[in-house]
Amino acid sequence: MSPVDLDTLRLFLHVLAATVWVGGQITLAALVPALRAAGTDVPKAAANAFNRIAWPAFGVLLLTGVWNVVAEGDKGPAYEHTLMLKYTLVIASGLTAYLHARAASRTAMAVFGALTGLTALATLFVGIMLAG
Numbered sequence: 001m002s003p004v005d006l007d008t009l010r011l012f013l014h015v016l017a018a019t020v021w022v023g024g025q026i027t028l029a030a031l032v033p034a035l036r037a038a039g040t041d042v043p044k045a046a047a048n049a050f051n052r053i054a055w056p057a058f059g060v061l062l063l064t065g066v067w068n069v070v071a072e073g074d075k076g077p078a079y080e081h082t083l084m085l086k087y088t089l090v091i092a093s094g095l096t097a098y099l100h101a102r103a104a105s106r107t108a109m110a111v112f113g114a115l116t117g118l119t120a121l122a123t124l125f126v127g128i129m130l131a132g
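Quick note: the sequence shown uses our numbering, first residue 1, plus one each step.
Quick caveat, the hints were computed from the structure, so don't treat them as lab data.
Misleading hints may appear alongside valid ones.
Across the chosen pairs, the derived CB separations fall in these ranges [what the hints assert, rightly or not]:
#	residue 1	residue 2	range
1	Ala78	Asp41	46 to 56 angstroms
2	Thr27	Asp74	30 to 40 angstroms
3	Arg52	Asp7	24 to 34 angstroms
4	Val42	Asp7	40 to 50 angstroms
5	Asn51	Met129	20 to 30 angstroms
6	Ala34	Ala78	38 to 48 angstroms
7	Asn48	Lys75	34 to 44 angstroms
8	Met84	Ala34	37 to 47 angstroms
9	Leu118	Pro33	11 to 21 angstroms
Yeah, the Cβ is synthetic: ideal placement off N, Cα and C, and Gly gets one too.
Whenever a hint applies, use it, and build me the whole structure from the sequences.
Below, the structure is given as structure tokens:
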């Protein structure tokens, strides 16, 4: 068995936070129809409850993401380009999630919710590319 070290802890925290941020969005999106059927205020209550763990997870992703970059060091131009793409997607994911949470219309909520999900998934995909 390999020893547990800081690299293991760093990666565990990053993956755990991504599980909450990305997986939680997918789960909540799948539950919205059932939540609406339970009452018009139920989806908002569920979203508020999710946000209490989602935003801290996003913060952990940012911190461990910086830690990952520092730990990995310079890996060449192709890695750097992919890293810049990931930064862009992280910003887009956080911004669209913020706009989704503050949307005043169902249309804006749907558009920003979809964009949040897509950018979160794209960030996860590009993160896997960086790990490879």
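Hint check results:
no.	hint	in the structure
1	Ala78 - Asp41: 46 to 56 angstroms	holds, 49 angstroms
2	Thr27 - Asp74: 30 to 40 angstroms	holds, 37 angstroms
3	Arg52 - Asp7: 24 to 34 angstroms	holds, 29 angstroms
4	Val42 - Asp7: 40 to 50 angstroms	holds, 42 angstroms
5	Asn51 - Met129: 20 to 30 angstroms	holds, 28 angstroms
6	Ala34 - Ala78: 38 to 48 angstroms	holds, 44 angstroms
7	Asn48 - Lys75: 34 to 44 angstroms	holds, 40 angstroms
8	Met84 - Ala34: 37 to 47 angstroms	holds, 39 angstroms
9	Leu118 - Pro33: 11 to 21 angstroms	holds, 19 angstroms
Checked against the numbered hints given earlier, this structure breaks none of them.
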